[in-house]
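J.: For reference, the chains in residue letters:
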Amino acid sequence: MHLTTVVVRNVFRRPARSALTVAGVSVAVAAVVALVGIARGFERSLRAVYESRGVDLMVVRAGSTQRFSSVLDESLGEKIAATPGVAEVLPGLAEVVASEDGDMTGIVVQGLPLGPGPLGRLQIVSGRNLQPGDERVVLLGRILAQGLGKQVGDMVEVVKGHAYRVVGIYDASNVFENGSMILTLKDLQRLMGRQGEVTHFTVITVPKDRQSVEQVAERIRALAPNLDVLPMREYIETSVEIRTARAAAWLTSTIALIIAAIVMVITMLTAVFERTREFAILQAIGWRQRRIIQMILMEAVLLAAAGAVVGTLLAILLTQGLARLPQTGRLVSGEIALDVVLQGFVLALMLGIAGGLLPAWRAVRIAPTEGLRHE
Amino acid sequence: MSDVLVRADRVSKTYEDGRIHAVAEVSLDIRRGEFVAIMGRSGSGKSTLLNLLGGLDRPSAGAIFFEDQNLQTYGDLAWFRARKLGFVFQSFHLLPVLTALENVQIPMFETIRSAARRRERASRLLALVGMDGRQNHLPKQLSVGERQRVAVARALANEPALLLADEPTGNLDSENALEILRLLARLHREQGMTIVMVTHDPELASFAQRTIQMKDGRIVA
Ligand SMILES: Nc1ncnc2c1ncn2[C@@H]1O[C@H](COP(=O)(O)OP(=O)(O)OP(=O)(O)O)[C@@H](O)[C@H]1O
Ligand SMILES: [Mg+2]
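Protein sequence lines correspond, in order, to chains L and H.
For the first sequence, the working numbering assigns the number 13 to the initial residue and increments by one for each residue that follows.
For the second sequence, the working numbering assigns the number 5 to the initial residue and increments by one for each residue that follows.
To be clear, the hints were calculated from the coordinates, so they are not data collected in a lab.
Virtual Cβ for every residue (Gly too), placed ideally from N, Cα, C.
Keep in mind that the hints are not guaranteed to be accurate.
Unchecked claim - Here are a few chain L residues that sit away from chain H, every Cβ distance over 10 Å (derived from the structure):
#, residue
1, Ser30
2, Ala31
3, Met204
4, Gln295
5, Leu334
6, Met362
7, Pro380
Unchecked claim - Okay, derived cross-link-like pairs now, DMTMM-like style, lysine to aspartate or glutamate, Cα gap no bigger than 20 Å in a straight line:
#, chain 1, residue 1, chain 2, residue 2
8, L, Lys198, L, Glu209
9, H, Lys144, L, Glu100
10, L, Lys220, L, Glu100
11, H, Lys144, L, Glu209
With the hints as constraints, model all of the structure from the sequences given.
T.: Following this line, the structure appears as structure tokens:
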């Protein structure tokens, strides 16, 4: 017989209580794995927006934490275009508006230049794309159109008192674009009274190796004071949307983890209290405190590991379910990265150890003669 | 090697800030190979004395010498108990989730590394106490007399120098009680085991070579 045999038997001694502990841990692990996994999925799809266009660098006003608060002079685009190593540069204006018609708030409006750039590559699923000479017309993302209940030909109040006609509905491969609307850059500048202003430039460089991209970034930075020139990946990771999604995921996970830790400590403490005399016996017949602590920690870790397995399965079911639902399908990819699963297991392990330490300490704190008198 | 296995030298144990004198200035020698019974009324300090002799507790005053070494000099009494002591309790205290064979192996975790050797030794000990047919039974599947035999086998796990039994027959009917006493007497006779046993029953005490009477924490006879 090995110590693990004793551990396993002890865990199965009170199946209901052990199941409760496993459930507590599994909910926490499921929350962490699913939410962090979903947040990662967001990040991936946001990155896909720019990666599909081959964008390497993002130029914004230094210190602007949010895309929308950046203000740049549109004419800077020509200077960037003339920079060695720059293959393409496109201006972009992004604004956030609240919809009067629907209940959607904080809708992103993008102003894009006409031409073969991102606008040209857009997949139109209904109606048509924007054309030269278009005025007061708008393209809606698929999810936004659904949310607002608008179809091609309908009018949308982009800003109060300014109704635009929907000429097309597009389907981008990610949730962010599908939840936004697109105007021509000129239209949006006029509408917002921001003639000659943009919020950002996207830059495609040649060659694309890290060092060359960084050199181009350095050259662009020198063009004007207060420019932030960020590699795409970094720009996305530091964006408010991603940071918010991450923070929300971790906040929820932390709450779940704290609850799981409490469940763990309470059930383990109860178990240990019930077995007070048993620990006294073990000490009386020569077990060192270390071995008793080890046994209790192993029990806790075993329960936590079972919780991690169940929790991961729950998370997979949950994300797959969300991926199938029409409301959330575009938001959730349904696949969970291995390292997120690993994170869940590490957290469960930490839960097990943290949840086992107090009961273990409690178990050996009582002198054997005290424990023997315990009924 | 001295003839005396355990010596208590004016040992006292007080509780509740000295208001309770569970054991008061007891001096006592237990010789190697001796079978001693301790008797006395409830609360007279029998268990407390036994626990002090077995290093389960440290005295408030005085000293216990085991094989001429002051127990106070052991940093970890668990190490001492694992190798030198065997305990038998009134309520057996077997682990309910483990079989007879597994229960006997518990003390060996401290002394024998090989799981196979632990198992083999436990099996031999169960045979010694006449339980070879019930190795894979859980405690609840055994009669109370059988449980106490398993507990005796467990106490013998690490070839102790001293076997301490606190009312080992307290939960047994007279038939089973006699059986256990015969077992202890046989261990004493055939293996030269040193045994100190607490009992209320004069008939069972007569199995011992010497009987100590306690009253109010003191040895009176
Ligand atoms: N941990 C303790 N705290 C307080 N008092 C204690 C403690 N342990 C023992 N005592 C007291 O010390 C005295 C001796 O107790 P002990 O258990 O040694 O008696 P005993 O002779 O074994 O009695 P019994 O025959 O009932 O088992 C009793 O008055 C008991 O209440
Ligand atoms: Mg007693």
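J.: What are the numbers of the hints the structure violates, in ascending order?
T.: 4, 7, 9, 11
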